[in-house]
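**Q** In case you want the letters, here they are:
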Amino acid sequence: MKDSFAIKLWLIQRVSGMLLGIFVVIHLVTMIVAIQGGLTAKEILERTSGNWLLGGFYSVFVITAALHGSVGLRTVAQETTGWRGVSLDAAVGLFCLLLVVIGLSAIRGLVL
Amino acid sequence: MKENHDKKEYWAAFVQRWSGVVLALFLPAHFLVLSRSLQGEQALDGFLHWADMPLVKLAEAGLVGLLTVHLLGGFRILLIEFFTWGEWQARMITVAAGGAFACGCLFLMRAI
Numbered sequence: 442m443k444d445s446f447a448i449k450l451w452l453i454q455r456v457s458g459m460l461l462g463i464f465v466v467i468h469l470v471t472m473i474v475a476i477q478g479g480l481t482a483k484e485i486l487e488r489t490s491g492n493w494l495l496g497g498f499y500s501v502f503v504i505t506a507a508l509h510g511s512v513g514l515r516t517v518a519q520e521t522t523g524w525r526g527v528s529l530d531a532a533v534g535l536f537c538l539l540l541v542v543i544g545l546s547a548i549r550g551l552v553l
Numbered sequence: 737m738k739e740n741h742d743k744k745e746y747w748a749a750f751v752q753r754w755s756g757v758v759l760a761l762f763l764p765a766h767f768l769v770l771s772r773s774l775q776g777e778q779a780l781d782g783f784l785h786w787a788d789m790p791l792v793k794l795a796e797a798g799l800v801g802l803l804t805v806h807l808l809g810g811f812r813i814l815l816i817e818f819f820t821w822g823e824w825q826a827r828m829i830t831v832a833a834g835g836a837f838a839c840g841c842l843f844l845m846r847a848i
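The listed protein sequences derive, respectively, from chains A and B.
Numbering-wise (the numbering used here), the first sequence opens with residue 442 and increments by one.
Numbering-wise (the numbering used here), the second sequence opens with residue 737 and increments by one.
There's no promise every hint is true.
Derived contacts from chain A toward chain B, CB cut-off under 10 Å, selection only [stated by the list, open to error]:
1) Gly462
2) Val465
3) Leu495
4) Val527
5) Ser528
Stretch by stretch, here's where chain A covers chain B in the computed footprint (C-beta under 8 Å, at least three residues) [as the list claims (entries may be wrong)]:
6) 741-750
7) 780-790
8) 823-829
9) 832-846
Now the in silico label distances, taken between C-beta atoms and shown as ranges [to be verified]:
10) B/Gly822 / A/Glu484: 44 to 54 Å
11) A/Gly534 / B/Lys744: 26 to 36 Å
12) A/Asn492 / B/Phe783: 14 to 24 Å
13) B/Trp821 / A/Thr481: 46 to 56 Å
14) A/Phe446 / B/Trp786: 37 to 47 Å
15) A/Val501 / B/Leu774: 33 to 43 Å
16) B/Gly822 / A/Val527: 18 to 28 Å
17) A/Gly523 / B/Asn740: 16 to 26 Å
18) A/Glu484 / B/Ala826: 13 to 23 Å
19) B/Asn740 / A/Leu529: 37 to 47 Å
20) A/Val542 / B/Trp821: 39 to 49 Å
21) B/Asn740 / A/Thr471: 29 to 39 Å
No lab work stands behind these hints, which were simulated from the structure alone.
Keep in mind it's a predicted model, so treat the numbers as computed, not measured.
All C-beta atoms, glycine included, are put in the ideal place defined by N, C-alpha and C.
Chain A on its own, in the form it takes in the complex (with noise of 0.2 Å):
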């Protein structure tokens, strides 16, 4: 049973990377294309106002982002502190859902 959960976390975290490693390449290109000449809110805004199809990328980004932190999270804190158990389990499940929680509030601010 334990040996299963940890599998699905292993899957869960090469799954996640694999997306992560499409979705940061995009993110790293926009970025250094958009910081030409500072920013602004209202360059920012104008870009991501109305924009439904940023807005559904950057929504999958935020919970493969928060499930791919957490899972990590997990994995150095069992290393280095050799916390574990269902305390550990719980308190990365709680910030993952913390992430997409404000993840998608900050998108929602952007996008709508």
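Following the hints, complete the assembly by docking chain B onto the known chain A.
**A** This is chain B only, laid out in the frame that chain A set:
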């Protein structure tokens, strides 16, 4: 573990873990800042103005470097896990370090 400190594979694993931790912990801050757009353009501009300081730009370039090193380091892990080992894979650590440095510098050059 100590006897491995002179091996670059040890440092690749070390950088992969801790860059991941920094990036995961940066995410809530990143999302909260972008959520300021929910309170209007001025609220977001207030932060962007603060982010114009040279030290903040340098920290941002550092984050871009960490994101790139984590991306390329993750790509290296996938190559090792899913493909037959080839000597060329050993070069991926150098590629990750060089790519991260180049990407950080490129971001900094565009940002200032």
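**Q** Now tell me if each hint is right for this structure.
**A** Structure-based check of each hint:
Nearest Cβ of chain B to the Cβ of glycine 462 of chain A: about 6 Å, under the 10 Å cut. The hint holds. Restraint check, valine 465 of chain A versus chain B: the minimum CB separation of about 5 Å is within 10 Å; hint holds. With its C-beta approaching chain B no nearer than about 13 Å, leucine 495 of chain A sits outside the 10 Å limit, and its interface hint is violated. Taking 10 Å as the C-beta cut-off, the interface hint given for valine 527 of chain A is violated, the closest approach to chain B being about 21 Å.
Annotation: serine 528 of chain A was flagged as interfacial toward chain B, and the flag is violated, the nearest CB pair being 18 Å apart, outside 10 Å. With a cut-off of 8 Å between beta carbons, the stretch 741-750 of chain B has 0 residues touching chain A; three or more are needed, and the interface restraint is violated. Chain A is given as covering the stretch 780-790 of chain B, and this holds because 5 residues of the stretch bring a CB closer than 8 Å to a CB of that chain, at least three being needed. Remark: the stretch 823-829 of chain B is not confirmed as covered by chain A, as 0 of its residues place a Cβ nearer than 8 Å to a Cβ of that chain, below the required three.
Taking a C-beta to C-beta cut-off of 8 Å, the stretch 832-846 of chain B contributes 4 residues in contact with chain A, enough for the three needed, and the coverage statement holds. Taking the beta carbon of each, glycine 822 of chain B and glutamate 484 of chain A are about 45 Å apart, inside 44 to 54 Å as hinted. For the hinted restraint 26 to 36 Å between glycine 534 of chain A and lysine 744 of chain B, the CB-CB distance of approximately 35 Å keeps it satisfied. About 21 Å separates the C-beta atoms of asparagine 492 of chain A and phenylalanine 783 of chain B, a value consistent with the hinted range of 14 to 24 Å.
Checking the proposed 46 to 56 Å range against tryptophan 821 of chain B and threonine 481 of chain A shows it holds: the Cβ atoms sit about 49 Å from each other. As the Cβ distance of phenylalanine 446 of chain A to tryptophan 786 of chain B is approximately 43 Å, the hint placing it in 37 to 47 Å holds. Separation of valine 501 of chain A from leucine 774 of chain B is about 21 Å and departs from the stated range, judged on CB atoms against 33 to 43 Å. In this structure the hint that glycine 822 of chain B and valine 527 of chain A lie 18 to 28 Å apart at CB is violated, the actual value being about 42 Å.
At about 20 Å, the beta-carbon gap between glycine 523 of chain A and asparagine 740 of chain B stays in the expected band of 16 to 26 Å. Here the CB-CB span from glutamate 484 of chain A to alanine 826 of chain B is close to 43 Å, at odds with the stated 13 to 23 Å. For the pair asparagine 740 of chain B and leucine 529 of chain A, the supplied restraint of 37 to 47 Å is violated, since their beta-carbon distance comes to about 26 Å. At about 42 Å, the CB distance of valine 542 of chain A to tryptophan 821 of chain B agrees with the hint of 39 to 49 Å.
For the pair asparagine 740 of chain B and threonine 471 of chain A, the beta carbons lie near 38 Å from each other, so the given range of 29 to 39 Å is met.
Checked against the numbered hints given earlier, the structure breaks hints 3, 4, 5, 6, 8, 15, 16, 18, 19 and satisfies all the rest.
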